[in-house]
Amino acid sequence: MLQSKPKLNVLEKRAEIIAGLKAVLPERAVIGDDVSLKPYETDGLSAYRQMPLAVVLPENEAQVVAVMKFCHLHGIRVIPRGAGTSLSGGALPLADAVVVGMMRMNQILDINYADRYAVVQPGVTNIAITQAVQDEQFFYAPDPSSQLACMIGGNVSMNSGGAHCLKYGVTANNLLGLRLVTIEGELLEIGGKHMDTAGYDWLGLITGSEGQLGVLTEVTVRILRGPEGARAMLAGFASNEVAGACVDAIISSGIIPVALEFMDKLAIHACEAFAHAGYPLDAEALLIIEVEGSDTEQTEMLARIRDICAVYNPVSMRVSQTAEESAAIWKGRKGAFGAVGRISPDYLCMDGTIPTSQLPNVLKRMQAMSDDYGLKVANIFHAGDGNLHPLIMFDANDVESFHKAEAFGADILKLCVEVGGCLTGEHGVGIEKRDLMSVQFTPAELDQQRRIKTAFDPDWLLNPSKVFPLSGLSAAA
Amino acid sequence: MILPDTEEALAAAIRGASGPLLVQGNGTKSGMLRPVQAAATLSTANLSGITLYAPNELVMSAKAGTRLSEIETALAAAGQQMICEPPHIHGENQTIGGIVATNLSGPRRVTGGAMRDHVLGVRAVNGSGEILKFGGRVLKNVTGLDVAKLLTGSFGTLAVMTEVTFKVLPVSEATGSIVLRGLDAEQGIAALSAGLGSPFFVTGAAYLPALQQAVLRIEDFATSVKYRTEKLAGQLSAFGTAEILDTDASKALWRDVRDCKYLDIAEAVWRLSVVPSAAPAILRALAPLGVTGFLDWGGGLVNLTGPADQATHEAVCHAAIAAGGTWWLMQAPEPLRAVVNVVPPEPPALAAIRARVQASFDPRGILNPGRLRAA
Amino acid sequence: MQTNFTTKQLQNPEIAIANNILRTCVHCGMCTATCPTFVTLGDELDSPRGRIYLIKDMLEHDRPASEEEVLHMDRCLSCLSCMTTCPSGVDYMHLVDHARVHINETYKRPLTDRLLRDVLAQILPYPKRMRAALNLARLGKPFASLLPGQSMLVKRLRAMLNLAPVKMPVAQSLGGTVHKAIGETKGRVALLAGCAQQAIGPSINTATIELLNRLGIEVVIPAAAGCCGALVHHMGRHEEALQAARRNVAAWSDGPEFDAIIVNTSGCGTVLKDYGFMLRDDAMAAKAAAVSAKSLDISEYLLKIYQPSQVAPAITVAYHAACSLQHGQKITSAPKTLLRKAGFNVVEPKDPHLCCGSAGTYNIMQPDIAASLRRRKLDSLKAKSPDVIAAGNIGCLTQLAGDNVPTVHMVELLNWMAGGNKPEALNGVNK
Ligand SMILES: Cc1cc2nc3c(=O)[nH]c(=O)nc-3n(C[C@H](O)[C@H](O)[C@H](O)COP(=O)(O)OP(=O)(O)OC[C@H]3O[C@@H](n4cnc5c(N)ncnc54)[C@H](O)[C@@H]3O)c2cc1C
Ligand SMILES: Cc1cc2nc3c(=O)[nH]c(=O)nc-3n(C[C@H](O)[C@H](O)[C@H](O)COP(=O)(O)OP(=O)(O)OC[C@H]3O[C@@H](n4cnc5c(N)ncnc54)[C@H](O)[C@@H]3O)c2cc1C
Ligand code: SF4
Ligand code: SF4
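Chains as they are written, first to last, in numbering that gives the first Met the number 0: chain A, 0 to 476; chain B, 0 to 374; chain C, 0 to 430.
Here chain A stands alone, though its shape is the one from the complex (with noise of 0.2 Å):
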């Protein structure tokens, strides 16, 4: 994959600069040596790798700030990076840049339940702040499959969703603040504890900016306070199709569950290896849907989308009975990513979205696609707001099929946007959805962002070959 051209007086300079920045840190904050640098060359998103230059691991504010102050002084590239599960290679290094790991920075800082915040630092882990407040049944809302791992920081950085963002919304609708150093070593405060914020919309802008504007030190969110209950019920159709229409009519209905996701029958499997949640094998899609209240509200719910299942003749539903029968059936959904790691050496996930009417539609043409390439795909996504995880099965030891894998995800997200659909959902462009951005974007449109990225990284030091094409940088910078 094309980089931009690495800075060969940085990379000249190299000693200089891990002993400048070892002037400005701790001894044990800096990494400089090959042996010790190899791990962080790649993310979640092993395909692509890339020896960085050093990684820091700041362990407060004013380390990343005398970080950035030092970089940008010195003309040097940053990428910011969090536990590293990106699977569009958002924390993929460059040759010539320091990586900064927020790990470190990993405590929670403050708590209120009567005005339902949390104040944490960027290396907090999603599920960690769900659990500092579950004792009071309250509960951090966006869920990514990846949760156990994935940090707050790199949340905010790909505006992640997950299962029950049907219902919740993704990170952008539960952040209230944020502080960010930007590549001058500046602090900027946007937000607070409070709702909205007067003047332009900074905290909507830099979520999902993938670590182009600037470092994020510190994040509030909103908590909420859990429903009463939830449940989950199982519901195995004879066809993709099917199962879609039956999504579909969820929706009409009215109802909006609090989840609604689809696994076919690869992921079916996948799952089942995994967490032995009862998954039904017999089907070819299956839907997982969780509904919250109480006991009779959950259970007047569940009826309602029973009766709607019922039309599409499901070959099996079944409504689970208790908390670890729950828990099961989303340990498997959570995990079907790395599951399927069992039937497969190597994946390539992909993350468009789609109109959900159009979800029939897009799995048929899918299907085509695969057979064409040769090459198996499960698919597992969020039914109810229309994002896909198609999971490219290839192997990576053999080049070729990594090419086809790439060329296969490159024409299921075309696909994506012809139907009126976009190339990322949730995991981001990052250096994998690069070269596709001007498939959804016109350059003016790309320009626009560009200069919007200028405008906080004037040098365009941050996170830099990643999110906007390489052709046509010039211009905007």
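Hints in this document: simulated from the structure, not taken from any laboratory. Some hints here could point you the wrong way.
As the list claims (entries may be wrong) - What the simulated footprint calls covered on chain A by chain B, stretch by stretch (three residues with Cβ under 8 Å from a Cβ of chain B suffice, anywhere in the stretch; the number is not a length):
hint	stretch
1	62 to 74
2	157 to 170
3	201 to 209
4	225 to 233
5	243 to 252
6	271 to 279
7	349 to 362
Cβ atoms here follow ideal geometry from the backbone N, Cα and C, with glycine treated the same way.
For this one, chain A is given, so just place chains B and C with the ligands on it according to the hints.
Showing chains B and C with the ligands alone in chain A's frame:
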């Protein structure tokens, strides 16, 4: 008044503009924030009409000049609604472009999210007359920078929106409310916080000082509403005996809250966004200055009205800032709006970035100059 | 994940196995979050995914281990929390075992490090030597805090001295003994008596034997069986580990068949259950596999037969899940079920998946990380206000001792409720 009836004509008008433009929909609240000094007015009023409505996908697109009334009528016909329930303060003429440009949300914002949370995509013309689209029509989209959010609430100072796409939701089968009486502001906010901290999914939470009432809303299936209002009333019994309102009475109540009927409008109107627990002290501190108001969003939104003079304005701003919050001057005579900060001033680092971002959309500085801040 | 081994490299069966393990890893990073060293140190290099990557690079280039690789491998607790988390089923345990052997073969450790490892390898597996050493250490104990400096060596010595018990228990030597069932004999098992355990925790074996006898089970401790080999195994001393395995397999395969081989130190249990893999190419392969299949943690064995005979006092027991049980052997509910059956109020700490820092000799070799994990674990346990902390592994019990809450092996509590003596550690608890 320039009234283009196509997007291209609007773009051409901007390209051909020789000086500042006052950008508006139907101009229903030109009394908000700062007055704009412009030779010409550009209105989206003639760019009107719903362009896409897919109830089963929960999305609607409409041209910017489409009236809210038209949108709400179409939604109601399919049993749906705008999630953030925008206020109808200025009658039925306000445009969807204006609502998005001002990011104005009503009571459901407290749990359902603001206008900005539901804008999925926009088409807009920037200050150079380029036609641009950002976002799209699908519910989840993180492709590129979220410019649609940036334009939401930007008061026409970055680009003129020509079409917006937003998420909608079904109208619930039933609505119920509980009314707690005889509470002072502290007790009122404590009751609202307890309600919002309950598992019953409250979708409206306001405190009405003049009536000494705290009101909470629940919207869902009829059986759920009945069950949850009763449970909630029970949980809040420490705050007194709750009266439970049925669907019709609830809808009337929340319409009044939405449209600020509990504000006895004087010369100046402010909106403050703060943490709920700070709201009672703000009401108390400003009362001696003749400022009155009511609280929505569980106390997070303080709607205030009072005399339009600098001293009062500064006291209001000070109260908002002291509480770590923010403010907007929603209405005041022009002389006052022209000389005060109508939104909080920015720290220098952010101001520099803001100026560059603004220039990146509107290099000539012709769109609504001075609307948010003195140039 | 892609790997880059040559066809020639892959002809080596060890490398082929490593390659297969590496290929199942999809580099998703889920495991990082539940790794105690990543949580403590916040560096990808101290996470499972980072270690897997380091190992991959080291093996692919077939180069001697470097100081950095050794540092991060040494910091791994082998707690196997990563394996519980991994949705792809990556066999991290055998990968890190392989890496340790590679390190042992290709890396020359600094002198003090080598000496210390030799000493530990020469003492801990042998109960008598261990006792002698502990007696010495006990004399040194009061001076632990007086040791000057913060060098790693000093910290390690201090950690060793701190681990020595204040009061030396009565010597235990169980090799070659048979303990008859009380009443009708319903079964016959071998017990792994443990090496360090006989020296520092004899009451655990006593309680185990008493309890099993009471439940009608005859307990045999063959003279030829000894240390399970875990200690040297985790140091990458492959040959020594295999020797221990062979000796034990032979001892337990001799004579009439046992119903089960019972382990009450779960750290050893994980290794026993792996004998089949360790000796897969050995002449004893079949016997080793049979021994592995028969090895059961005491809690697994008791699950079906345990019956309390008296009503438990109102004691709150905080159950600490030893990593070797919960991750190594995937035994999570049995100990809690038994303790509840015995009538105790059982509570669990926050983040039960995190290691307490004991991990064999880890608390000696990595005193800083171990101390920080110990503190974290004790804080989370004490947050539940327990009367006593119970676990199924002596290493954990030693690690968690000395912080005002008594620690006992859960089998001691079970034996007490089945008619045995009240565990000595509970003498201060009057309920
Ligand atoms: C198995 C698996 C399942 C997943 N499931 C989902 C899912 O359901 N939904 C979903 O939305 N995503 C999912 N993802 C993708 C990924 O987890 C998310 O994108 C996540 O938000 C990334 O967080 P991270 O901490 O790993 O960030 P990283 O991968 O380290 O970084 C992501 C991006 O954020 C930037 N960044 C990180 N921290 C900062 C900071 N402090 N300041 C500025 N920029 C920063 C980086 O530069 C990079 O561009 C999944 C990934 C995996 C491996
Ligand atoms: C006393 C008072 C109290 C109020 N209280 C509340 C309240 O509590 N809650 C609430 O939500 N609202 C409140 N409002 C605001 C009211 O709801 C607004 O009047 C309404 O949203 C404006 O709609 P409009 O179409 O007339 O906009 P216009 O007046 O035409 O325009 C509003 C702004 O948006 C810009 N704009 C309009 N169209 C576009 C476009 N297509 N592209 C880019 N920019 C555009 C304009 O330049 C202008 O800056 C209050 C107003 C007053 C006076
Ligand atoms: S969880 Fe498993 S597949 Fe994922 S990185 Fe860790 S070891 Fe690899
Ligand atoms: S075994 Fe434990 S310490 Fe080692 S990598 Fe796995 S989780 Fe981390």
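Would you pick out the hints that fail for this structure and give their numbers low to high? Result: hints 1, 6 break, sorted rising.
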